[in-house]
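Protein chains in written order, with UniProt numbering: chain A, 1 to 318; chain B, 1 to 274.
These aren't lab readings, by the way, just hints derived from the structure by calculation. No experiment lies behind these values; they were computed from the predicted model shown. Don't take each hint at face value.
To give a feel for the contact side, a few chain A residues facing chain B, derived at Cβ under 7 Å [as the list claims (entries may be wrong)]:
| # | residue |
| --- | --- |
| 1 | Q63 |
| 2 | E120 |
| 3 | G122 |
| 4 | H125 |
| 5 | E129 |
Once the Cα atoms are required to be at most 25 Å apart in a straight line, the calculated DMTMM-like pairs of lysine to aspartate or glutamate come out as [claimed, not checked]:
| # | chain 1 | residue 1 | chain 2 | residue 2 |
| --- | --- | --- | --- | --- |
| 6 | A | K46 | B | D134 |
| 7 | A | K46 | A | E23 |
| 8 | A | K46 | A | E22 |
| 9 | B | K196 | A | D15 |
| 10 | A | K43 | A | D15 |
Each residue gets a CB set at the ideal place from its N, CA and C atoms; glycine is no exception.
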Amino acid sequence: MSAAAAPSGLFDCRDAYVRAVEELAVEDDRIVAVVNDSVGSSKLGKFRDRFPDRLVNVGIAEQNMVGVGAGLANGGKIPFVSGASCFLSARALEQIKADCAYSQANVKLCGISSGVAYGELGATHHSIEDVAWLRAIDRLTVIVPADPWETAQAIRAAAAHDGPVYVRISRMPVPELDRDHDAFRIGQAEQLRAGQDVAIIANGTLVHRALDAAHLLEAEGISARVINMATVSPIDTAMLAQAATTGAIVTAEEGLAHGGLGGAVAEYCATHSPVPMRMLGFPGFLPTGSAAWLMDRFGLNAQGIAAAARDLLAVKAR
Amino acid sequence: MRADHVRERANWMRRRLLAMIVEAGQGHPGGDLSATDILATLYFDILRFDPAQPQAPGRDRFVMSKGHCTGALYSALAGAGFFPEAELDTYLRPESRLNGHPNRTYLPGVETNTGPLGHGLPVAVGIAIAAQIDQADYRVFVLTGDGELQEGSMWEAAMLAGHRGLGQLTVIVDRNRLQQGARTEDTNALEPLADKWRAFGWDVAEVNGHDPVALLQRLDAACLPRSRPLCIIANTRKGKGVSFMEDQAGWHHGVPNAAQYAQALAELDAELVA
Chain A
1 MSAAAAPSGL FDCRDAYVRA VEELAVEDDR IVAVVNDSVG SSKLGKFRDR
51 FPDRLVNVGI AEQNMVGVGA GLANGGKIPF VSGASCFLSA RALEQIKADC
101 AYSQANVKLC GISSGVAYGE LGATHHSIED VAWLRAIDRL TVIVPADPWE
151 TAQAIRAAAA HDGPVYVRIS RMPVPELDRD HDAFRIGQAE QLRAGQDVAI
201 IANGTLVHRA LDAAHLLEAE GISARVINMA TVSPIDTAML AQAATTGAIV
251 TAEEGLAHGG LGGAVAEYCA THSPVPMRML GFPGFLPTGS AAWLMDRFGL
301 NAQGIAAAAR DLLAVKAR
Chain B
1 MRADHVRERA NWMRRRLLAM IVEAGQGHPG GDLSATDILA TLYFDILRFD
51 PAQPQAPGRD RFVMSKGHCT GALYSALAGA GFFPEAELDT YLRPESRLNG
101 HPNRTYLPGV ETNTGPLGHG LPVAVGIAIA AQIDQADYRV FVLTGDGELQ
151 EGSMWEAAML AGHRGLGQLT VIVDRNRLQQ GARTEDTNAL EPLADKWRAF
201 GWDVAEVNGH DPVALLQRLD AACLPRSRPL CIIANTRKGK GVSFMEDQAG
251 WHHGVPNAAQ YAQALAELDA ELVA
């Protein structure tokens with residue numbers, strides 16, 4: 001199992017992403033990469049050197065980038081369309097909707113440096129709305145991996161999946177998660193820790209913080225379940241139904257507090273298994289600050305998640 | 001001979017699409033009729049395809065960037081054998097495969113779902129890049145409205161096609177000089193249009209978009225090996241073939257009443273005899 005073999009320390013998931021795309025490109029000559037002048041920020045320099053004919057740089061033109069991706073799929077290719085997630089998702093939203101999802105084009109959209117990775121650059125460069133926007137689009141798979149292993153697995157699963165997929169790839173350093181399995185399936189959530197008092201549902205960079213929160217809660221005698229909900233659309237409803245039996249759900253994500261993962265969980269639970277919830281995320285346009293500062297400032301850390309869990313347990317006890 | 005066949009098919013398409021619009025009670029006859037001769041030349045002469053194998057990897061691709069003109073597109077696809085002609089009578093009905101804008105998941109022969117303007121050319125550029133990577137010999141044709149060229153995404157795609165020298169790619173501009181509400185030149189002027197395409201690295205040709213002889217000549221030339229993408233500016237008239245619709249912005253949308261429909265059919269009969 002990969003987690004046991006993983007070196008200690010922190011990793012940039014972009015490295016796992018480009019490694020997976022390069023490996024796929026060796027195995028399958030249909031794999032191509034499409035970028036918007038983002039060879040460097042997507043870390044695709046090595047891919048370009050190895051497969052110069054299969055790296056399509058459209059320049060700074062996101063609408064065209066996504067349309068070209070759909071055209072490459074029409075021509076039998078499996079394009080990995082990569083750009084900063086703030087521009088890819090917002091600038092090309094109609095192309096993602098019409099050319100990829102509605103047309104069911106086999107395009108893999110890779111939103112790089114997602115969330116608040118570009119901290120001090122401000123709200124123009126934050127990508128905290130992407131999951132809310134994209135999960136609203138029918139027939140578009142949305143995946144938010146948490147660590148290098150899951151990023152590579154998501155890329156491989158996206159390549160094997162016949163249809164459009166959005167994979168959100170962080171540049172924030174994260175550890176490799178400790179797992180007791182080696183299966184990744186689109187639409188299948190992963191329970192990383194058992195617990196009966198409260199369920200913490202997170203994805204991406206927040207999974208690690210959710211696990212830390214569960215440790216804090218354990219010291220207080222609170223048993224917290226931790227679920228990694230990497231696929232936001234389609235969401236794992238069986239896992240949600242089980243989580244609801246704890247009677248308290250906290251969601252946490254590096255994105256808007258409304259409309260993204262938390263929204264997806266709330267929609268399901270409100271209509272199938274009503275349960276008290278707290279939804280952790282960002283409120284909207286954010287003040288100036290580094291990514292790490294912003295995460296702490298808005299309670300997207302172990303302490304913030306644990307506090308939300310305690311708050312919910314008080315509600316549950318009433 | 002070839003031109004006579006195209007002319008006959010175009011006349012049939014005009015009757016068919018008017019019948020569809022009258023039956024459905026809505027449609028875009030102005031743009032349909034301006035594009036009819038171009039589509040007839042493509043589907044009934046130039047394009048290489050097998051309607052029994054609409055996904056064949058080596059097929060020529062046609063992308064309808066002006067996706068609202070489904071009267072013309074669907075009559076061409078039915079005439080070319082992609083689906084039964086009788087199905088045209090279901091145009092815009094509930095659950096029909098003939099949606100107001102083309103949907104490839106419903107209908108064979110549609111390459112990508114269009115409707116919002118500015119989408120077709122980027123997708124066609126992507127197809128042509130796939131052909132370039134594979135050194136395949138299929139060709140990619142796009143029909144765009146002229147008003148549609150006000151969309152920035154078209155020029156993003158045009159710039160890339162010029163940069164990459166996509167000789168497999170031909171864009172045909174349906175230059176009827178009218179957009180939904182007014183003349184293009186009064187709204188946001190396109191001229192000098194040929195110079196714009198040349199500046200983006202394209203070869204440019206102009207043609208009478210209602211003359212099958214001229215269209216065949218230009219499109220035959222488009223099929224020859226080239227090192228640059230080709231833009232054919234097809235000078236057309238919106239509503240072509242129906243006198244009271246010609247060059248009238250008001251017929252962008254619209255449905256002829258019974259008397260108007262009878263007159264349109266009579267004019268198309270007369271054209272066939274002539």
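Hints, verified against the model:
For Q63 of chain A, the shortest C-beta to C-beta distance to chain B is roughly 4 Å, which falls under 7 Å, so the interface hint holds. Nearest Cβ of chain B to the Cβ of E120 of chain A: about 29 Å, over the 7 Å cut. The hint is violated. A least Cβ separation of about 24 Å between G122 of chain A and chain B goes past the 7 Å threshold, and the interface hint is therefore violated. The criterion of a C-beta within 7 Å of any C-beta in chain B is not met by H125 of chain A, whose closest approach is roughly 21 Å, and the hint is violated.
A distance limit of 7 Å between C-beta atoms decides the matter here; for E129 of chain A the minimum to chain B is near 20 Å, and the interface restraint is violated. A C-alpha spacing of about 21 Å is found between K46 of chain A and D134 of chain B, which places the hinted pair at or below 25 Å, so the restraint holds. This hinted pair checks out: K46 of chain A and E23 of chain A have alpha carbons roughly 12 Å apart, not beyond 25 Å. Proposed proximity of K46 of chain A and E22 of chain A is supported: the alpha carbons are some 8 Å apart, at most 25 Å.
The suggested pairing of K196 of chain B with D15 of chain A is violated, with an alpha-carbon distance near 41 Å, which exceeds 25 Å. This hinted pair checks out: K43 of chain A and D15 of chain A have alpha carbons roughly 7 Å apart, not beyond 25 Å.
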